[in-house]
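Student: If you want the building blocks of each chain, they are given just below.
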Amino acid sequence: MTDDRRLEGDTQRLGGDARPGGNDGRGGGDDRRTLEGGDVVQTDGDVVQPDGDVVQPDGGYATLTDADVGRAGDSGTWYRQLLVVAETEYRLAIRSRWAIAMTGIFAAFALGLTTFSGSSVSPEGFERTVASLAVLAVYLVPLVALAFSYDAIVGREESGWLHTLFALPVERAWLVVGSALGRAVVLASATILGFGIAGGFLLREFGLAGFDAYVGFLLATAGLGLAFLAIGVLVSSLAREKTHALGISLLVWAWFVLVHDLLGLGLIAAFDLSDAAVSAMLLANPTGIFRALVLGSLGAAGDAGFATVLADSGLSSGLLVAALLAWIVLPTTLAALAIRRRRL
Amino acid sequence: MQITITDVHKRYGDVVALGGPSFEIPSGSTYGVLGTNGAGKTTLFELLVGHDRPDEGRIDVGGIDVAEAGHRVRERVAFLPEHAGFPPAMTGREVLDVHARIRGLSARDERIDEALETVGLSEAADRAVSGYSNGMGRRLGLASTLLSEPPVLVLDEPTAGLDPRGVATFHEVIERIDRETDATVVLSSHVLEEVERLCDEVAILEDGRLRAAGPVDELRAAAGDGVTVEIRPAGADDGAKRTRERLLESVQALGEVTETDETIAVVCDREDALSLCSTLDSALIDRFEVREPGLEAAFHDALATAGRTREDDGGGDAAEPRTEVRA
Chain A
24 MTDDRRLEGD
34 TQRLGGDARP
44 GGNDGRGGGD
54 DRRTLEGGDV
64 VQTDGDVVQP
74 DGDVVQPDGG
84 YATLTDADVG
94 RAGDSGTWYR
104 QLLVVAETEY
114 RLAIRSRWAI
124 AMTGIFAAFA
134 LGLTTFSGSS
144 VSPEGFERTV
154 ASLAVLAVYL
164 VPLVALAFSY
174 DAIVGREESG
184 WLHTLFALPV
194 ERAWLVVGSA
204 LGRAVVLASA
214 TILGFGIAGG
224 FLLREFGLAG
234 FDAYVGFLLA
244 TAGLGLAFLA
254 IGVLVSSLAR
264 EKTHALGISL
274 LVWAWFVLVH
284 DLLGLGLIAA
294 FDLSDAAVSA
304 MLLANPTGIF
314 RALVLGSLGA
324 AGDAGFATVL
334 ADSGLSSGLL
344 VAALLAWIVL
354 PTTLAALAIR
364 RRRL
Chain B
238 MQITITDVHK
248 RYGDVVALGG
258 PSFEIPSGST
268 YGVLGTNGAG
278 KTTLFELLVG
288 HDRPDEGRID
298 VGGIDVAEAG
308 HRVRERVAFL
318 PEHAGFPPAM
328 TGREVLDVHA
338 RIRGLSARDE
348 RIDEALETVG
358 LSEAADRAVS
368 GYSNGMGRRL
378 GLASTLLSEP
388 PVLVLDEPTA
398 GLDPRGVATF
408 HEVIERIDRE
418 TDATVVLSSH
428 VLEEVERLCD
438 EVAILEDGRL
448 RAAGPVDELR
458 AAAGDGVTVE
468 IRPAGADDGA
478 KRTRERLLES
488 VQALGEVTET
498 DETIAVVCDR
508 EDALSLCSTL
518 DSALIDRFEV
528 REPGLEAAFH
538 DALATAGRTR
548 EDDGGGDAAE
558 PRTEVRA
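Top to bottom, those sequences are chains A and B.
FYI, in the working numbering the residues of the first sequence are 24 to 367.
FYI, in the working numbering the residues of the second sequence are 238 to 564.
Derived by calculation from the structure, the hints in this document are not laboratory data.
Check the hints yourself; a few may be wrong.
If you want the ones that stay clear, here's a sample from chain A, every Cβ over 12 Å from chain B, calculated [said to hold, decoys possible]:
# : residue
1 : A124
2 : I220
3 : G223
4 : E228
5 : G233
6 : A277
7 : T356
One-sided and incomplete, this derived list gives chain A residues near chain B with beta-carbon spacing under 10 Å [as the list claims (entries may be wrong)]:
#  : residue
8  : T100
9  : R103
10 : Q104
11 : R179
12 : W184
13 : L188
14 : F189
To be clear about the criterion: a stretch of chain A counts as covered by chain B if any three or more of its residues have a C-beta under 8 Å from a C-beta of chain B, and this derived list gives those stretches [to be verified]:
#  : stretch
15 : 115 to 122
16 : 201 to 210
Think of the CB as a built atom: it goes at the ideal place given N, C-alpha and C, for glycine as much as any other residue.
My request is simple: use the sequences and hints to build the entire structure.
Tutor: Here you go:
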């Protein structure tokens, strides 16, 4: 052990020899007490060492300095810890070939759909193809995002990595947020790259007029994926076993992608719902928000099911984007809170 | 760095995990926490490293209240959990780099090399963890705790699941830490011989309560000079059951009997042990072992004393500690 990195002796003496009784850390007496080694405990609890230096009472963890723990400057702060966790998750996802697999899946499905869509070369043909891609994305992206995230926490627990990370001096919340962030970068990159390849072919065929619309579609698709990734991380933080997390994730997918849409259509058909109720129903489902964003911007809202009513819901693009962001932030926040109560 | 545990209570629902143990862990010592399954060792460690807060009582690490310090106490207390694991795709060096960066340590490469060398993993440092044996994984975990050269190391059953060679290597590392640093090492174990070899002092827990605490030598002395006779009955199925009953009849009068699925152990006088050896039918026995007085005797003595006290009290709550060697 090199001396320059050893914990300062004063700190050890403060914690150890200075308080042999293990009392409340204040010296336990009204008078000055002389301790082994010549240290003196003052009435205010400060420890005066023989060389005259005054060591503050512990009364909280603020007494532990960077030098005490051999830290480098502002390293070890929460945002750096978060970034280390995120970077580690990113590297693990790359090495486990999740990134390549997701990119390949998105590119294959998107290219297949654009190749065999049979749309004529016209502005309407472009919009119809993007609308078809949006329908594909509604089914595919949430499924892939949930598959990628359901084991983010519970899987790390089963492998023992979560035990190891919990043993470090880091807030558990940052471990969850860092894990979600690392995976989010991988998923968003895969989504943009996978659907971007198909977009390249589309733009070559239909011209650059649709570039802005396609970028909007890509961003919305990435947002949809991130919302379901956040939901997957939340499920993973709550589940006790990986199999439970997988089952719940499949139910989540079925609810948001299949059931909610049908239920919404049924309710609208059966009752004369107000615009506010329709809007609330739309915002309660990230896939609905995604459809509203993409199909609304394309002016092709008449293509599919619940989307028929979206154009009339009166929701602005800004509100829809904010709602999609909320679907990303809220589950992640809940997961960060849930992890604090988790017993390993 | 001294650790003081004062009347710590922890309850999970109706289950009392800790029922008020109080003891001190001297600075610089290697301290063992012993107990049967469910004794409260892991709960105590969770509280000690700030994973949870006690319902009542206080744990001080170097004069700092762990409950107040929260996760930051782990800047002083490095913890190796029993079920620690690592992503198989990472190399040992990368794992330690993540640890060092989260801890925000300076001179990372130097620290990592030093920790790897201490645990004997220098050559395997750049291999993926997926190729590590259990023992290497545990040593990597230990290396991760050494990075910040912490004043306190807490190791939860560090040798559980290791083969004899892995256990021996791990022991050597712990002994080296004990020799070369002034860190306080706190470890839990079911293996009494291990604790006896590594630890200066021990605390024995049962049902969340302290049954005994003090230096190993003094606990051994307090337990008397009785030897432990361990017998593995022969036979199988119904035959084994009858054999076990006959053996139990033979040993019950000699002293405190402890049974496991495979063995019967009794702590008794040397003369009784010799007499038992000569009178037992060898056909009934697979193995007969006599062990000299050791921590095992102290452990059984502490638990038996507590058991007798419970019976005397009418089977109520667990008794207060009866064996307290240290002042």
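Student: With reference to the structure, classify each hint as holding or not holding.
Tutor: Here's how the hints hold up against the structure:
1. A124: 15 Å, holds
2. I220: 27 Å, holds
3. G223: G223 of chain A is indeed farther than 12 Å from all Cβ atoms of chain B, at 32 Å.
4. E228: Holds, since 40 Å exceeds 12 Å.
5. G233: The assertion about G233 of chain A holds, with a minimum of 40 Å to chain B.
6. A277: Non-interface label on A277 of chain A holds, nearest chain B Cβ at 31 Å vs cutoff 12 Å.
7. T356: Non-interface label on T356 of chain A holds, nearest chain B Cβ at 19 Å vs cutoff 12 Å.
8. T100: 7 Å, holds
9. R103: 7 Å, holds
10. Q104: Check passed: Cβ of Q104 of chain A comes within 5 Å of chain B, closer than 10 Å.
11. R179: Constraint on R179 of chain A satisfied, holds at 8 Å.
12. W184: 6 Å, holds
13. L188: Since the shortest Cβ distance to chain B is 8 Å, the answer is holds.
14. F189: 7 Å, holds
15. 115 to 122: holds (count 3)
16. 201 to 210: violated (count 0)
Of the hints listed earlier, the one the structure fails to meet is number 16.
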